[in-house]
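Trainee: Now for the letters of each chain:
Protein chains: 2
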Amino acid sequence: MPTIVVDVMPKAELLDPQGKATTGALDRLGHGKFQNVRIGKRFEFAVEGEVTDAVIAEVRQVADEILSNAVIEDVVAISVDGVPVADGAAR
Amino acid sequence: MPTIVVDVMPKAELLDPQGKATTGALDRLGHGKFQNVRIGKRFEFAVEGEVTDAVIAEVRQVADEILSNAVIEDVVAISVDGVPVADGAAR
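So the sequence lines, in the order shown, correspond to chains A and B. Taken in order, the first sequence gives residues 229 to 319; the numbers are from the working numbering. Taken in order, the second sequence gives residues 229 to 319; the numbers are from the working numbering.
Wrong hints could be hidden among the right ones.
Given that identical chains are not distinguished, each listed pair holds provided it fits within a single copy or across any two copies.
[To be verified] With a cut-off of at most 35 Å between alpha-carbon atoms, the simulated DSBU-like pairs for lysine-lysine come out as follows:
hint, residue 1, residue 2
1, LYS239, LYS269
2, LYS269, LYS248
3, LYS261, LYS239
In case anyone wonders, no lab produced these hints; they're calculated from the structure.
Kindly produce the complete structure, drawing on both the sequences and the hints.
Mentor: What follows is the structure, encoded as structure tokens:
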């Protein structure tokens, strides 16, 4: 079955306390060159049957309405078996 | 500054209760064609200076030792400015 990946990140204008804590931890552990860590979610799921344009449209809808919270998050990438089908810029 | 993305997923042999709940929710909402949802993390961060092989080695180490818990998670992909530098199969 084809595998769909949906990437969701906190919006750029929002604080990301978990990411801030990770940035601080990296710095304390000697990895200060890595900065501004932000932590989002990666959803992986299988889809039954062929991935038609209609299925991709349904994935976009599910990504926007169910997998992410548009108030605080952006869907930054959607891919099918590793091939990007949509990103923030293209939508 | 170059952007690094590290993707971390729960190991395949582990239950993912959050993913299971999401699969159930999708089914109830009429999206039953999407199955076996698993939810991982996506780390995005900037790196100071040029991305040399040494920096990539350091990113791998940070991904394995700090950003993920090897007991329950796999680092499934690392990319620099969108170009993959390592994945589970290659490591």
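Trainee: For LYS239 and LYS269, with the copy left unspecified, which applies at a CA distance of at most 35 Å: within, between, both, or neither?
Mentor: Both: 12 Å inside a chain and 15 Å across chains, each within 35 Å.
Trainee: As a check of your reading, is LYS261 near LYS239 (CA-CA no more than 35 Å) within one copy, between copies, both or neither?
Mentor: Both ways: LYS261 and LYS239 sit 23 Å apart in one copy and 29 Å across, limit 35 Å.
Trainee: Given a CA cutoff of 35 Å, do LYS269 and LYS248 count as a within-copy pair, a between-copy pair, both, or neither?
Mentor: both (16 Å within a copy, 15 Å between copies)
Against the hints set out earlier in the document, no violation occurs for any number.
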